[in-house]
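Q: Next come the chains, spelled out residue by residue.
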Amino acid sequence: MDVLLLQAVKSVATADVNSSINYLPIVLQLLVAIGIVVLMMTGTHLLGPKRKTEDKLKNFESGIDAVGNARQPMAIKYFLVAILFVLFDVEVIFFYPYAVNFRALGWEGFLAVLGFVGFFLVGFIYIIKKGALSWED
Amino acid sequence: MNVTQILFWLLSALTVFSALVVITRKNPVYSVLWLIITFISISGHYILLNAQFLAVVNVIVYAGAIMVLFLFVIMLMNLNADAEPQKNKWLQFAGVIAGGCLALVIIAALKNVDAKARIAETGSDIGLIENLGKVLFTQYVLPFEISSVLFLSAMVGAVVIGKKN
Amino acid sequence: MPINYYIFLAVILFCIGVVGVLTRRNAIIIFMCIELMLNAVNLLLVAFSKAHHAVAAINAGPAGTTAGTDGQMFVFFIMVVAAAEVSVGLAIIVMMYRNTHSVDVNFLNRLKH
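Residue numbers (the working numbering), protein chains in the order written: chain A, 1 to 137; chain B, 1001 to 1165; chain C, 2001 to 2113.
Be careful, since some hints might not be right.
Simulated pairs of lysine-lysine, BS3-like, Cα-Cα distance not exceeding 25 Å [what the hints assert, rightly or not]: (1) Lys-1163(B) to Lys-129(A); (2) Lys-1163(B) to Lys-77(A); (3) Lys-77(A) to Lys-130(A); (4) Lys-1026(B) to Lys-1089(B); (5) Lys-77(A) to Lys-129(A); (6) Lys-130(A) to Lys-1163(B).
Quick caveat, the hints were computed from the structure, so don't treat them as lab data.
Produce the entire structure from the sequences given, and follow the hints as far as they go.
A: Dropping the structure here:
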C-alpha cells in the first residue's frame, strides 16, 4: 500500500538506493502529466461543438484581418543570449557535485572552484564589454 | 522477465524508434522534438545503469539546453517551410545501405562477445552525485579547470562569430 | 541484462546517426545526427563502466569498490564539451545561413574555390 501512497517501501529505500521502485513516483508524475495533456486535448476535441464557418477557422488577431506569416525569423540577439545561456547552464551543472561535497572538500576544492569561476568571470566580463547582452544596439 | 528487463526493452524500442523518426522527418522542428525524446529515453537507460547524476545532467544539458538552442536556430532561420532540398534518391539509398552495412558488420563482429558480467541487475552507488563529486574534485581537478578554459574560448568564439560587426 | 544488448543498442543508434549524416542535406539535421552518435557512445561508455563495476564488485566484495567511476566521469566531460561544441557549431551554421541564405551542405562546396 505504501507504493500507492507515493512512498517507497521503507526497507527498500534504506537498503538499496538503486532499486527501480524508488523511481515509481517520478514515473507516476510523468504519467499524470502526460495523462492530463492527453485528457484535455481529447476532451476538448470530443466535447466541443464544431461549427466550421470561414470566420471561425480564421486566426484570431485581435479582430484585425490576419497579416503575414506567424513564423517570422527572430532577431539574432536572442540567439546569442541562448548560446550564452547554454554555457552558463553547464557552469551551474559543475556546482551541484561541489555543493554536495562542500564540507568534505575543504579549501582545496574551494580554490579549484574559485579558479573555475574565475575563468567564467573573465568570459562574462568580455561578454559585457562586447555588449553581447545589451538589448538596444 | 523482471522489471529491469521489461524497462530495458521498452526504453530501447523507444530510443531506436525516435532516433529513426529524427532522421526521416522532413520538418526540422519535428526532428528536434523527437531527438529530445531520444535523449530522455537514453537518460532512462542511464538510470537503469545506476548513473543517476549522468541521467540528470543529460536531461538538463542535452534535452534542456542544447535542444532549445537547436529550436532557436531553426526558428531563427525560418526553416519550417520544409524548403530542404532533397538529395538524389540513389544517393539516399546508398547512404542507407552504407549505414546498414556498418551496423551489420559491427554487430556480426561483436555478437560472440563473451559477456559473463550481467549488468544492470547489481546495484551500485558510484553514479550518485556525492561519489562522482568526490572523484571530480580530487582526481579530475585538472580537466575540470581546463574545461573552464574551453568554455572561455567557446564564449569568446560564440560572441565573435555571432555578434554583428 | 548482458552487456551485449547495450553494445547492440549503441551500435544501432550510432548507425542511425551515420545514415542521417549520409542522407540529409540540412546542416542542422546533420549536426543533430552527430549529437545522436555522441550519445550512443556515451551510452556505451556508461554500460561498460557498469560492467567494470560489476566485475570489480564480484572480485572485491560489493562495498568499497569505486571501479567504474572513471567511465562516468568521461561521459560527464563528454557532455560538457559537447555543450561548448554545439554553441560554437550553431554559431557557425547561423553565420553560414546569413551569408548564403541556405543551410544546404552542398553550398559548402564553394569553400573549395
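Q: Against this structure, judge whether each hint is valid.
A: Comparing the hints with the structure gives:
Taking the CA atoms of Lys-1163(B) and Lys-129(A), the gap is near 13 Å; set against the 25 Å cutoff, the hint holds. With a CA separation close to 8 Å, the supplied pair Lys-1163(B) and Lys-77(A) stays within the 25 Å bound. Straight-line distance between C-alpha atoms of Lys-77(A) and Lys-130(A) comes to about 13 Å, which keeps the hinted pair within the 25 Å bound. The hinted pair formed by Lys-1026(B) and Lys-1089(B) meets the criterion: a straight-line CA distance of about 14 Å does not exceed 25 Å.
The hinted pair formed by Lys-77(A) and Lys-129(A) meets the criterion: a straight-line CA distance of about 16 Å does not exceed 25 Å. For the suggested pair Lys-130(A) and Lys-1163(B), the alpha carbons sit about 9 Å apart, so the restraint of at most 25 Å is met.
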